[in-house]
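Chains A and B, in that order, give the protein sequences. So that you can map any letter, position 304 of the first sequence is 304 in the numbering used here, and since no number is skipped, the others follow by simple counting. So that you can map any letter, position 154 of the second sequence is 1154 in the numbering used here, and since no number is skipped, the others follow by simple counting.
Derived by calculation from the structure, the hints in this document are not laboratory data. Source: prediction; values computed, not measured. Some clues are possibly wrong.
Claimed, not checked - Computed footprint of chain B on chain A, listed as stretches where at least three residues anywhere in the stretch have a Cβ under 8 Å from a Cβ of chain B:
no.: 1; segment: 200 to 212
no.: 2; segment: 307 to 314
Stated by the list, open to error - When the alpha-carbon atoms are kept at most 25 Å apart in a straight line, the in silico BS3-like pairs for lysine-lysine are as follows:
no.: 3; chain 1: A; residue 1: 207; chain 2: A; residue 2: 110
no.: 4; chain 1: A; residue 1: 240; chain 2: A; residue 2: 216
no.: 5; chain 1: A; residue 1: 207; chain 2: A; residue 2: 153
no.: 6; chain 1: B; residue 1: 1123; chain 2: B; residue 2: 1016
no.: 7; chain 1: B; residue 1: 1421; chain 2: A; residue 2: 278
no.: 8; chain 1: A; residue 1: 109; chain 2: B; residue 2: 1247
no.: 9; chain 1: A; residue 1: 109; chain 2: A; residue 2: 225
no.: 10; chain 1: A; residue 1: 290; chain 2: A; residue 2: 278
no.: 11; chain 1: A; residue 1: 240; chain 2: B; residue 2: 1421
The beta carbon of each residue, even a glycine, is placed where N, CA and C say it ideally should be.
This is what each chain is made of:
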Amino acid sequence: MLFSSLLRRRSRLLVALFGIAIGATVLLGLVTLCYDIPRQLRDEFRSYGANLVFVKSGGTGRMTMGELERARAMLPPEELVGFAPFRYESVRNNMLPYTAAGTDFEAVKKTSPYWRVEGRMPERGEILLGADAAEATGLVPGSAMALDGRNEKQERYEKEFVVSGTVATGGAEDGFLFVNLPDMEEMTGEPDRADLAEASLSADAEKLNFLSRAVKNALPGVDPKPVARVTRSEETVMTKLTSLVYLVTLVVLLLTMICVATTMMTVVLERRREIGLKKALGADNKRVAKEFLAEGLVLGIFGGLLGSFLGLLFSRMVSVSVFGRALAPEPALIPLTVAVSALVTVIACLVPVRRAVDVEPALVLRGE
Amino acid sequence: MFFKMVFRALTRRKGKHLMTAFTVGLGVSLATAMLGVMFDVGDKVNRELKTYGANLSVIPRGSSVAGEKYEFADEADAEGAAGEEGAIDRSGHAGHAGHSGHSGHSVQDFLSRARIPEDELHKIKMIFWAYNIVDFAPFLSTTVFVGDNPVNLTGTWFDKRMVLPTGDEVETGVLPLKSWWEIRGEAGDDSLPLGVMAGETLARELSLEPGSSLEVSTPAGEKINLTVRGIFRSGGEEDNELLSPMKLAQDISGLGGLVDRVEVSALTTPENDLARRAAKNPGSLSRMEWDTWYCTAYISSIAYQIEEILPGVRVKAVMRVAESEGTILRKTQLMMLLLTLLTLLCSALAISNLVTANIMERSVEIGLMKALGATNLSVSLLILSEMLAAAFLGGAGGYLVGLGLARFIGLTVFGTAVEVKTVVIPLAALMVIFVTFLGSLPALRALLKLKPTEVLHGR
Chain A
1 MLFSSLLRRR SRLLVALFGI AIGATVLLGL VTLCYDIPRQ LRDEFRSYGA
51 NLVFVKSGGT GRMTMGELER ARAMLPPEEL VGFAPFRYES VRNNMLPYTA
101 AGTDFEAVKK TSPYWRVEGR MPERGEILLG ADAAEATGLV PGSAMALDGR
151 NEKQERYEKE FVVSGTVATG GAEDGFLFVN LPDMEEMTGE PDRADLAEAS
201 LSADAEKLNF LSRAVKNALP GVDPKPVARV TRSEETVMTK LTSLVYLVTL
251 VVLLLTMICV ATTMMTVVLE RRREIGLKKA LGADNKRVAK EFLAEGLVLG
301 IFGGLLGSFL GLLFSRMVSV SVFGRALAPE PALIPLTVAV SALVTVIACL
351 VPVRRAVDVE PALVLRGE
Chain B
1001 MFFKMVFRAL TRRKGKHLMT AFTVGLGVSL ATAMLGVMFD VGDKVNRELK
1051 TYGANLSVIP RGSSVAGEKY EFADEADAEG AAGEEGAIDR SGHAGHAGHS
1101 GHSGHSVQDF LSRARIPEDE LHKIKMIFWA YNIVDFAPFL STTVFVGDNP
1151 VNLTGTWFDK RMVLPTGDEV ETGVLPLKSW WEIRGEAGDD SLPLGVMAGE
1201 TLARELSLEP GSSLEVSTPA GEKINLTVRG IFRSGGEEDN ELLSPMKLAQ
1251 DISGLGGLVD RVEVSALTTP ENDLARRAAK NPGSLSRMEW DTWYCTAYIS
1301 SIAYQIEEIL PGVRVKAVMR VAESEGTILR KTQLMMLLLT LLTLLCSALA
1351 ISNLVTANIM ERSVEIGLMK ALGATNLSVS LLILSEMLAA AFLGGAGGYL
1401 VGLGLARFIG LTVFGTAVEV KTVVIPLAAL MVIFVTFLGS LPALRALLKL
1451 KPTEVLHGR
């Protein structure tokens, strides 16, 4: 008999604890995600390509690599996804003119992840053909391609490359030829020149404008320009997605907290007999209420702690499976979660306890 | 007798059952709202991503190669300027296009290129995936001279209405297609052939304001007086151009009824292996795969269908837009799916927790019933049906609340209501039954094990 009573009592405690823990899990998990998702999503938006472009100020002439390197150094490294310099030259192949671009392909993979490359990115001495250029020349990976042209001093140059693959983007790139920047410098005999650099930063429009002003002031030769099309669309979509996450979180939290409260109410309500007995034995209302609230508080704290742990797992799981990386837990959220759980539990106890202590002990004890 | 007992129990223990119904209602409203939003979020986000512009570009077959050749043929002569010009074209960035690069263009270059007939464009809205074509706009580029300076004048549809042979009315053009443009003054109007819009950079160079007039001369030497209706800022190379109704550009270039290229914005399904294989060569698919591919809104199948219906064109997917759309769409959907699942799990646990609490306290009642000769089965049935009845009442209310919540979320975030699919109703109902049943089982089992005498005796 003692055992069964204990069992029942313990399971009642467990039920309450469990309910609170669920609430706390949702609370901590969602708030962590809410905090993290906009940042993660912003990284995803980098697949649209560069959002800050550097060109020579004044519109004519070229930048030096030193200038670009200094500009790059001014961008915050933790937000810089990629930084790709480009140099363009007019070249000829079989007397037909093309535009050849020299760049750093490791960086391009980061700034322009949408490039669809058949074959592979070129190594030194190799060349990547835009899809249309490949069609026009009829060259396939492995074939040789000779380029010639004139440098700034009007000297003739010539170099032979091996085709490493083709790239299709559906944009202007389809008509270009791409080689490694050192190859281009070697070919033209003119090092240290760049026409343009693309930077991809996971930052909002305001931050980009701030950065571009800073770079402009420090380096008069470089003109940084946020790519309006990318930044503005990103802001529009990001605002919508972020508010979606916030709103969903708010609704879920509100409903979960109400759920926790109803569970607590049910658990307390069934102890009316106990309250009646206590009162019959001489306890006053205040004392009974205090006792229940203290119990609620302890339950709330333990449930909150348990929930915090589960919530961290929950948010980690979502983050890993959606964005493929674990998020940094926010330690400040744990005491907050515990506090909110305790508060909700105490409030939830307050209502039924208040109603229960007003009841005549005799009535309750008689059963009904 | 059985129903009477269930009914009595429901009415007598009103408070407790109300609580169960309320909690179940909360859970169901949460489930309905989340499921509703989840099923619709792809569509909504897809529409938002349309602000990135067209994801398909339609060009005449053979022109891409020829066009590029001509363009760079001019520039190869003007060595120094060519690099700069290439740079601008590549990044799609405005602000600085040196006009020197364009001066080499002549009318002959334009005439030698292939074109697309304007009066066939409505067919784009008649392909299998017509409803996924959000907007499209044709373009025809020509050069006019302001004083001695050449300026690009591009003819387009601003906001064109047309009636398809099927009877549907379609409204499309560059204004809905490029919804992110900032427009000062009035937008262009297709019915005013001499009203143009000027790009911001060009407007600054020529000090144009909305309402000012501009005299240009055509390559043939004719003088035309244009009215600048508005100034637009696109952040792209268009900022250096004049945008006119199609008719004007066709008259200037002598290309009546023809356009250079068409930009199409379509709602697409993220690509998978099948789509990638098909994009390379549709002929490589088996009959079944081909049907699946053709009847799914992959970007490659929409491109294929446009090529089918408009002879002599080539449709290119703009990878920058198409690939990113896929990535972001997939991530958002996966995120919502996981959030929904976890929320469902949590509300299910909360409901079954409450049901457990509710049953636990009825040990005395169950003991009495068993003492009076009730079998375990009948006791369980009685309690389960009581719980289910309360849960369904709450669930129905919760469904209605959930519809409201989904609507609220849709309206606040996307400005349009979220359509809750009917499939949510059976899902929510299933959840109620399942959760109530599972939640009741452990408590019931524990109670049925109790000996009536012990329970009735008190503690």
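Whether chain B covers the segment 200 to 212 of chain A (at least 3 residues having a Cβ closer than 8 Å to its Cβ atoms) | violated (count 0)
Do the alpha carbons of residue 207 of chain A and residue 153 of chain A lie within 25 Å of each other, as the hint requires?
-> Roughly 41 Å between the alpha carbons, so the hint for residue 207 of chain A and residue 153 of chain A is violated.
Mind checking the alpha carbons of residue 109 of chain A and residue 1247 of chain B for me, to see if they're no more than 25 Å apart?
-> With Cα atoms ~42 Å apart, residue 109 of chain A and residue 1247 of chain B exceed 25 Å; violated.
Would the pair residue 240 of chain A and residue 1421 of chain B pass a check requiring their Cα atoms to be no farther apart than 25 Å?
-> holds, 22 Å
Does the alpha-carbon distance linking residue 109 of chain A and residue 225 of chain A stay inside the 25 Å limit?
-> Holds, because 21 Å separates the two Cα atoms, which is no more than 25 Å.
Can the restraint linking residue 1123 of chain B and residue 1016 of chain B be considered satisfied, given a maximum Cα separation of 25 Å?
-> violated, 64 Å
Holds or violated: are the alpha carbons of residue 290 of chain A and residue 278 of chain A at most 25 Å from each other?
-> Roughly 13 Å separates the two Cα atoms, so the pair holds.
Given pair status - residue 216 of chain A, residue 240 of chain A, alpha carbons within 25 Å | violated, 32 Å
Can the restraint linking residue 207 of chain A and residue 110 of chain A be considered satisfied, given a maximum Cα separation of 25 Å?
-> holds, 20 Å
Within a Cα-Cα threshold of 25 Å, do residue 1421 of chain B and residue 278 of chain A meet the stated pairing?
-> Not satisfied, since the Cα-Cα distance of roughly 53 Å exceeds 25 Å.
Okay, the segment 307 to 314 of chain A and chain B, do three or more residues pass the C-beta test at under 8 Å?
-> violated (count 1)
Consistency with the previously given hints fails for numbers 1, 2, 4, 5, 6, 7, 8, ordered from lowest to highest.
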